[in-house]
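Residues per chain are reported as follows:
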Amino acid sequence: MFSEADWIALRLTLQLAAIVTLLLLVLATPLAWWLARTRSWWSRPVAALVALPLVLPPTVLGFYLLVALGPEGPLGRITEALGLGLLPFTFPGLVVASLIYSLPFVVQPLRAAFEGIDEATLEEAAALGAGALDRFFSVVLPLSRHGIAAGGVLGFVHTIGEFGVVLMIGGSIPGETRVVSVQIYDHVEAFDYAQAHGLSALLLALSFGALLLLYTLNPRLRSV
Amino acid sequence: MDGIRARLIQVRPGFTLDVALTLPGRGVSALFGPSGSGKTSCLRALAGLDRLPTASVWVNGACWQDSDADVFVPVERRRIGYVSQQAVLFPHLGVRANLDYGWRRRGRPQSVRLDDIVALLGIGHLLERRPDTLSGGERQRVAIARALLADPQLLLMDEPLSALDAARKEEVLPYLEGLHATLAIPAIYVSHAFDEVARLADHLVVLEHGRVRAAGPLPEVAARLDIAGGFGDAAAVVFDARVEAHDAADHLTRLRFAGGTLDVPLRREPVGATLRCRVHARDVSLTTQPPQATSILNVIAAVVVERLDLPGGAQCLVRVDAGGTPLLARITARSWRQLGLEPGRAVWAQVKAAALLG
Amino acid sequence: MTLPVRRFCALLLIVALVPASANDRLLLATAANFKPAMEELAAAFRAQHPDVSIEPVYASTGKLAAQIRKGAPFDLFFAADMQTPQELVQEGLAAAPVRVYARGRLVIWRAAGDAASLALADLADPRFTRIAIANPRHAPYGARAVEALTAAGVWTLVQPRLVYGENIGQTAQFVHSGNAQVGIIALSQAREPELAQRGSYALIDDALHAPLDQGYVVMRRAADRPAAARFTALLATVAARRIIERHGYTVPPAALE
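Listed in order, the protein sequences are those of chains E, U and B. Add 46 to a position in the first sequence, counting from 1, and you land on the number used in the working numbering. Add 519 to a position in the second sequence, counting from 1, and you land on the number used in the working numbering. Add 1002 to a position in the third sequence, counting from 1, and you land on the number used in the working numbering.
None of these hints come from the bench; they were simulated from the model. Careful, some of the hints might be misleading.
Among chain B residues calculated to face chain E with C-beta under 10 Å, some are [as the list claims (entries may be wrong)]:
hint, residue
1, Ala1134
2, Asn1137
3, Gln1172
4, Thr1252
Computed from a prediction, not measured in an experiment: that's the story for all the values here. Every residue, glycine too, gets a C-beta built ideally from N, C-alpha and C.
With the hints as extra help, turn the sequences into a complete structure.
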């Protein structure tokens, strides 16, 4: 039912989602922790910035990324100076775009989980001899595992469904940046509705399954 | 140098904390006062949970904080045991893992015996349970055991019984008393309940509005009228007595103290053992003549020292001296007048009940 | 009358009036790439026929066709290819014949000044790390670009370095932003002021690919509308031809009847 091109697109999509999710869990954790515990005024603009991809049209994000990461954009000049070349039309470029686009979906559940941790519990751990990093790994992470799971699943599913940003900076290169969402779009544009149906159904099943798993394991999930 | 010396200053809108503490290096020191008097602030500052901008803390010769020299040892490096009001056990760990938490981080000290502490707090049957299945009293005992297992050099307890109901309190207090008996390290015990303090403390610091009102050995401070007057029904004196003899037939034990003897219900302690006695002011009445034909066993000769009127006007607190041991009696103002009592007058103090503490 | 009733009547009146004005309006479904030219043609038409209201609507050919099939009330359809309008004729939605109104040309476009000397064969040079074309699967200009590259004999060398825009607009944007060093786009685009100021182009020999004929049809519903006939008559004039050519198309002789 699926063509070779479809399978390649699917593999690419899953790779992108997996890498982005892992990177986001690593990057979002300190950010979410800071947002949850700080009393600095800066947390407000930073939180708004993080949440921006939730409300911006993805095409706007993609468009600005294309310009910024291009040879004359500020970020493009940096990547070139670092010897990394230019990011648009590359898989790493998609990763960067997806990191920005899916960031709030990972940060919000993490932040909610961190906010739910009682200060008294952390003081208790400190009084028993646990330093800051120790407290984080021995108390915060275990008590936040629901939030972490939610962040991971949401980041993954969200990245799978990403379209607008990818469309703007991907260049639709088969095997490199032509992910399933773009592949479906192409099928529709070319009036290959049967193919479009097939891939869409697959994406739907994948995303639904992941979310179902999440809500089954986290019946009390309130942050999403 | 032994002991705990601290100078703590904190200015907040509506509340200023300004205390100087000198506490012994052994035994239980109580920080006592009403809510809002600054006791918990002091304890948290001593623990290092709050860093006061102007403070110095020296514990057994080691400097934990000196704001002038910009020295501050973070809480995780002070070897303390901290027990808070709400027993904060780690919900994601079982009881045994909770107990291990501090012990492992202090290098698994072999000098600390898990079995002894478990027995001391009576939690052996709880080891395989999870915190959310424990009662309040059980959780508090586990929290205390966990603090002790971390091999602290100072134990800090912030009203550990105040969140428990009366029955649970009674359940935990004996363990604390047992702790007091066996603890080799100093402990600081914060409470607003004088009953607890009287049972547990050796040294008493009374705080009021962020300042120290009185500090000293418990028997001395508790007997001060100006302090005792604020304790309400709990006003009492505390003193040590020696077991002199047992009377198996009448099931009584005779104790001797500086002011005389006390007959109390039979005790198991051998002759010669020292017991701490607590006598509530409400259990002491005064008479100007040696009483005859009375059911009260314990009549102590004493001399009136001074008197304090109690709020309400009906009663007053009288301090008498029995051979060097102060006793407090709560009588009516009318009785004081009718008996013609005055400082220096010889009286007899009738002690209706004496509690014996471990 | 009570207030709610009055309001309802007012609403009815407005609703009744709107279709009345729509009936006079000529709706022209137009392929997006033809927009600049169509705007000028529409202005010329309005100048000559102030009593007729015309409204061009711009989107990609495929989308417009899909809308038409779902009943969108267009009167004329200006597609970017010949095949789509022919399909509509076969489906009975439009009247034969499909007429060519413009023929596009492909160009090699660079966002720098040196494209004029380039030929397709030069694209094999490895210095062009990214070459942008429109997605050949659903954009006619993309399909023609593939034909041209193949005919020029450089397809296998160039193919690994291609990036695909979803339409020629996005293709141009890839090159304009500098992310692709060179692209194959429409001459009509390269003539746009925005692109013309910034870059340069080289015409691609149109013998290398099938003609990029863009055809129009009169929809069934407009068969009896005199306004439609007047617009198609305008297309045949010399003035119209000049407008179309100025925007980077040619008008094949067969269109001038």
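Status of the hints after comparison with the structure:
no., hint, result
1, Ala1134, "holds, 7 Å"
2, Asn1137, "holds, 6 Å"
3, Gln1172, "holds, 8 Å"
4, Thr1252, "violated, 27 Å"
Hint 4 from the earlier list is the only one contradicted by this structure; the remaining hints agree with it.
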